[in-house]
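Work the whole structure out from these sequences, hints included.
Here is how the chains run, residue by residue.
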Amino acid sequence: GAVVSQHPSRVICKSGTSVKIECRSLDFQATTMFWYRQFPKQSLMLMATSNEGSKATYEQGVEKDKFLINHASLTLSTLTVTSAHPEDSSFYICSARDPGHTQYFGPGTRLTVL
Amino acid sequence: EDQVTQSPEALRLQEGESSSLNCSYTVSGLRGLFWYRQDPGKGPEFLFTLYSAGEEKEKERLKATLTKKESFLHITAPKPEDSATYLCAVLISGNTPLVFGKGTRLSVIA
Chain A
1 GAVVSQHPSR VICKSGTSVK IECRSLDFQA TTMFWYRQFP KQSLMLMATS NEGSKATYEQ
61 GVEKDKFLIN HASLTLSTLT VTSAHPEDSS FYICSARDPG HTQYFGPGTR LTVL
Chain B
1001 EDQVTQSPEA LRLQEGESSS LNCSYTVSGL RGLFWYRQDP GKGPEFLFTL YSAGEEKEKE
1061 RLKATLTKKE SFLHITAPKP EDSATYLCAV LISGNTPLVF GKGTRLSVIA
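Chain order of the listed sequences is A and B.
Everything in the first sequence is counted per the numbering used here, starting at 1 for the first residue and increasing by one.
Everything in the second sequence is counted per the numbering used here, starting at 1001 for the first residue and increasing by one.
Don't read these hints as lab results, they were simulated from the structure.
Any given hint could be a false lead.
Once the Cα atoms are required to be at most 30 Å apart in a straight line, the calculated DSBU-like pairs of lysine-lysine come out as [stated by the list, open to error]:
no., chain 1, residue 1, chain 2, residue 2
1, B, K1102, B, K1059
2, B, K1069, A, K41
3, A, K66, B, K1059
4, B, K1069, A, K55
5, A, K55, B, K1063
6, B, K1102, A, K55
7, B, K1102, A, K20
8, B, K1102, A, K41
Below is the structure:
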């Protein structure tokens, strides 16, 4: 099946620093990419939708200045958590939709902010 | 409002005890219905896409079916390695995000 990669898989940072997470679709061109976060034992929560070359569409309650999304190409999207704080600690998962509308998920990135 | 409901929330089976998970949906349009499996600490793994009522797909011990109102994920003779959370999601139109159910947490006991 199609593969979506994320890097890094785990990151620990100090409060106030910024963290960038990369998401790549390895064997298809993604028409749209999505970013989710997930708290322990809870459902996926959509943060934003991004299309290549366009500004991301953020869900209500998600701070666009805090969670910067760049969708530079049809195979790469990045999420930057700016000035991270402990409450931003979470599991972040990206997802890419192929031209046939099937959506594949990355393995996730565990962010811990100290 | 578009809604996807999964039942049961949790299911505990003995190894070899077949069962079904349910995903019912009330949506304004259906471009596709997706089933995923998610293990703890990992991203969801794609299992199936179903596009129209009457469609069925199989993969190993799993079989997904679709009607106009719901989908079933049948698990035949499950093994402990089938333990995971199974997620159902609906695509309403090509550009919109998936609408997810809350998932069914399956435990298969040896």
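Q.
Tell me if the straight-line CA distance from K1102 of chain B to K41 of chain A falls inside 30 Å.
A. With a Cα-Cα distance of about 10 Å, the restraint between K1102 of chain B and K41 of chain A holds, given a limit of 30 Å.
Q | Given pair status - K41 of chain A, K1069 of chain B, alpha carbons within 30 Å | A | Holds, because 27 Å separates the two Cα atoms, which is no more than 30 Å.
Q: For the pair supplied as a hint, K66 of chain A and K1059 of chain B, confirm whether the alpha-carbon distance does not exceed 30 Å.
A: This hinted pair is violated, its Cα atoms lying about 41 Å apart.
Q) Taken at face value, is the distance from the CA of K55 of chain A to the CA of K1069 of chain B at most 30 Å? A) 35 Å, violated
Q: Sort out whether K1059 of chain B lies within 30 Å of K1102 of chain B, counting only the CA atoms.
A: 23 Å, holds
Q | Hinted pair K1102 of chain B and K20 of chain A, Cα distance within 30 Å | A | 28 Å, holds
Q) Taking 30 Å as the top limit, are the C-alpha atoms of K1102 of chain B and K55 of chain A close enough? A) 29 Å, holds
Q. If you draw a straight line from the CA of K55 of chain A to the CA of K1063 of chain B, is it 30 Å or shorter?
A. With Cα atoms ~39 Å apart, K55 of chain A and K1063 of chain B exceed 30 Å; violated.
Violated hints, in rising order: 3, 4, 5; the structure is consistent with all others.
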